[in-house]
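Residue numbers (our numbering), protein chains in the order written: chain A, 1 to 329; chain B, 330 to 658.
Please note that the accuracy of each hint is not assured.
What the hints assert, rightly or not - Straight-line Cα separation of at most 25 Å, SDA-like style, residue types lysine to any residue; simulated pairs:
no. : chain 1 : residue 1 : chain 2 : residue 2
1   : B       : Lys358    : B       : Ala369
2   : A       : Lys29     : B       : Lys358
3   : A       : Lys29     : B       : Asp337
4   : B       : Lys358    : B       : Asp337
None of these hints come from the bench; they were simulated from the model.
Protein chains: 2
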Amino acid sequence: MRRATIRDVAAAAGVSIGTASKALNGQGKLRAETRERVAAAAQELGFAPNTLAQALLAGRSYTVGLITTDSFGRFSIPVMLGAEDALGIGQISVFMCDTRDDPEREERYVEMLAARRVDGLIVAGRRIEPRAPVRTGPGIPVVYAMTQPANGHGPAVLPDDEGGGRLAAEHLLAIGRRRIAHITGPERFLNARLRARGFAAALLAAGVEPCGHTRYGEWTERWGREAAGQLLADRPDAIFCGSDQIARGVADTLRAVGRRIPEDVALVGFDNWAPMALGALPPLTSVDMCLEEVGRVAAGYLLAGISGDPAHGVHTVPCRLVVRESSGG
Amino acid sequence: MRRATIRDVAAAAGVSIGTASKALNGQGKLRAETRERVAAAAQELGFAPNTLAQALLAGRSYTVGLITTDSFGRFSIPVMLGAEDALGIGQISVFMCDTRDDPEREERYVEMLAARRVDGLIVAGRRIEPRAPVRTGPGIPVVYAMTQPANGHGPAVLPDDEGGGRLAAEHLLAIGRRRIAHITGPERFLNARLRARGFAAALLAAGVEPCGHTRYGEWTERWGREAAGQLLADRPDAIFCGSDQIARGVADTLRAVGRRIPEDVALVGFDNWAPMALGALPPLTSVDMCLEEVGRVAAGYLLAGISGDPAHGVHTVPCRLVVRESSGG
């Protein structure tokens with residue numbers, strides 16, 4: 001079960017996030033009735049204000065750096081939003097730096113952040129393989145989010161890609177599909193391999209043969225269209241796709257040859273990226289990586305590290321399946 | 330003509346952005362030959378290091394706040410990248426704050442940034458109508474990007490939406506289309522109205538009647554599919570869409586009824602959002618708002634304001650048209 005956030009408290013009390021935060025922190029000018037309503041909602045939801053964040057109110061710069069390589073913000077913005085939540089709205093501020101995948105630029109940013117005496121660093125990125133660790137001076141804890149350091153030290157927070165692949169397969173099995181194919185991105189991406197592994201494990205556990213081999217390719221709609229064309233002869237009754245973009249390409253090909261979605265072929269995507277998943281025809285069932293939760297957990301480990309209680313190793317955040325029309329709803 | 334950036338200099342000299350920056354700033358350990366190559370490239374391209382940024386090296390916090398309401402990062406990340414460029418890599422650092430469209434949350438962030446003694450603020454946002462101005466203390470200049478304050482004071486930097494609509498219409502006229510329709514987002518969005526106005530003005534100037542009235546609706550693929558269905562009876566030979574998502578929906582409907590793109594109906598989108606425009610079938614001709622340039626220009630005005638030379642009013646950055654298969658290429 002997800003931990004209640006200040007957003008949940010605000011919604012339950014019928015106030016804005018800012019008001020809820022003021023009420024809980026005893027700040028600002030609010031009516032007593034409002035404070036009480038927020039406090040009641042917080043208690044009912046079991047909301048715990050972040051005491052670690054509060055404990056840091058001594059001798060720190062109250063800033064952290066967020067270094068990202070994701071120029072589109074597709075993955076890093078939700079991670080940042082989750083981190084902001086965990087760091088307390090405005091209590092700890094975030095320097096955001098985009099390296100554009102340039103190692104020298106990254107090095108300069110790390111130097112700059114150290115010179116600014118940040119309390120810690122979150123390094124976010126799109127994963128291919130584990131990356132070179134960031135070198136900071138002593139006393140600056142680092143947490144990786146959506147990526148992991150090659151030395152294995154961590155701490156790193158990743159979505160549970162393998163579990164996500166399993167969720168997709170179990171859903172398609174549960175709605176009665178038995179000829180399930182898998183089309184995904186490039187094999188050099190660790191997340192593509194993990195999703196394929198979870199998918200295969202779930203089929204194996206159910207005693208169901210996969211429909212053809214895993215088709216590795218690109219993270220594009222074009223690849224989805226092409227791979228679906230190759231697969232049609234195998235007569236799949238479901239296709240699990242490694243991204244929503246691949247799933248949209250698959251849907252184009254199915255529509256072009258007159259196969260109905262989901263009646264003839266059920267489709268599941270991955271990412272639950274709103275503009276892609278909701279805009280699809282029909283809207284896509286998709287695996288959601290809960291990126292905000294990844295950011296919240298990473299920020300939590302960072303706060304622990306700043307307080308002298310560092311975490312180690314790789315931590316995964318469970319994915320969740322969002323069911324829409326493409327798999328029967 | 331676009332001003333040369335450090336990125337252009339780096340590309341021309343065959344080095345990374347970090348190396349080019351070090352070479353131009355006389356920092357770091359580099360071979361003399363590398364420094365000379367970068368200097369030569371900078372001279373050839375007429376690259377002017379940002380002297381305003383350098384002039385600030387006295388008595389400042391060298392931080393600026395970027396306040397955004399765009400939780401998807403779709404618009405704010407490119408604006409931030411452009412601003413980073415203009416602020417010098419790591420010379421002035423950016424506090425990024427996402428208000429999630431909550432006015433109280435915005436107020437708290439502004440207070441926090443003032444307490445941190447930022448040198449200035451960039452307020453980025455998606456535009457509907459002019460927004461309430463941000464209230465900062467005296468001495469903290471504010472520049473708006475992708476949005477504008479209702480009091481008209483500015484300075485605000487916006488893409489030239491009207492010019493973008495004109496570009497789209499002129500392109501479709503130039504490839505010989507005469508029955509050109511327009512489908513766009515909600516009429517309450519200023520940018521939808523401006524794009525429609527530029528489109529209509531270009532047709533009028535060419536003495537061509539628009540094919541039906543402007544169809545205002547939503548920024549969604551679903552609306553594109555629906556509106557295209559309504560339009561078919563008018564037999565358009567081209568459709569200009571207010572977003573790439575609308576254009577994709579239109580393409581779905583055209584394909585479903587057997588109209589070829591671009592032979593029977595040419596399509597132009599707006600945003601040039603890579604995953605949408607490139608993934609479409611066929612890839613979309615689209616109007617690009619040059620968001621990084623919007624960010625660079627906004628940061629330039631902010632630096633001027635910090636140096637005591639504030640800009641006023643609304644400034645627009647020209648759009649550019651990117652031609653792909655959906656309009657004949």
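Cross-check of the supplied hints:
1. Lys358/B / Ala369/B: Judged against 25 Å, a Cα distance of about 18 Å means the pair holds.
2. Lys29/A / Lys358/B: violated, 54 Å
3. Lys29/A / Asp337/B: violated, 51 Å
4. Lys358/B / Asp337/B: holds, 22 Å
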